[in-house]
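Modelling step: build the complete structure from the supplied sequences, incorporating the hints.
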Amino acid sequence: MNRQMIRQAQRLQAQLQKVQQELETLTVEGSAGGGVVKVVMSGKQVVESVVIAPEAAEDLELLQEMVAAAVNDAMTKTQQVAAQKMGAVTGGLKIPGLL
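Here my numbering is used: the sequence shown runs in plain steps of one and ends on residue 620.
Bear in mind the hints are in silico, worked out from the structure with no lab data behind them.
You may find that some hints are simply not true.
[Said to hold, decoys possible] What follows is a set of in silico ranges between Cβ atoms, one per label pair, in the way DEER data are often shown:
no.	residue 1	residue 2	range
1	Val-602	Ala-530	20 to 30 Å
2	Gly-556	Gln-601	35 to 45 Å
3	Val-602	Val-571	15 to 25 Å
4	Glu-550	Gly-608	16 to 26 Å
5	Gln-529	Glu-576	51 to 61 Å
6	Arg-524	Asn-593	43 to 53 Å
7	Gly-608	Val-567	14 to 24 Å
8	Gln-600	Gln-531	21 to 31 Å
9	Ile-573	Gln-529	44 to 54 Å
We treat Cβ as the ideally placed atom computed from N, Cα and C, and that holds for glycine.
Written as structure tokens, this is what we have:
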């Protein structure tokens, strides 16, 4: 490997570490039922909070479905943001283990 390639690899590694740090502090909100159920999730896909409107408790089965949908919505959003941020660094190159 020549020095230029090593420097490029080091820059890429530094950029990827920066993106990883950004994802740790990022939060997204997923929702369902028109906002009746809201889930806040970190960029590392950790659920930080769940907010349920009181009227949602009237139908337990529907509430369960809405919680699952809100979590899935938040997960999809975190994956999209992570892919976008990583893609900006890697130029769209898929690097195993990064996402």
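Each hint, compared with the structure:
1. Val-602 <-> Ala-530: 20 to 30 Å: Roughly 25 Å apart at Cβ, these two residues keep to the hinted range, so it holds.
2. Gly-556 <-> Gln-601: 35 to 45 Å: violated (20 Å)
3. Val-602 <-> Val-571: 15 to 25 Å: Holds - the Cβ-Cβ distance for Val-602 and Val-571, about 20 Å, lies within 15 to 25 Å.
4. Glu-550 <-> Gly-608: 16 to 26 Å: holds (22 Å)
5. Gln-529 <-> Glu-576: 51 to 61 Å: Given about 56 Å between the Cβ atoms, the range holds.
6. Arg-524 <-> Asn-593: 43 to 53 Å: Between Arg-524 and Asn-593, where Cβ atoms are some 46 Å apart, the hint holds.
7. Gly-608 <-> Val-567: 14 to 24 Å: Given range 14 to 24 Å: holds, Cβ gap about 22 Å.
8. Gln-600 <-> Gln-531: 21 to 31 Å: holds (27 Å)
9. Ile-573 <-> Gln-529: 44 to 54 Å: Distance hint for Ile-573, Gln-529 holds at roughly 49 Å.
Hint 2 from the earlier list is the only one contradicted by this structure; the remaining hints agree with it.
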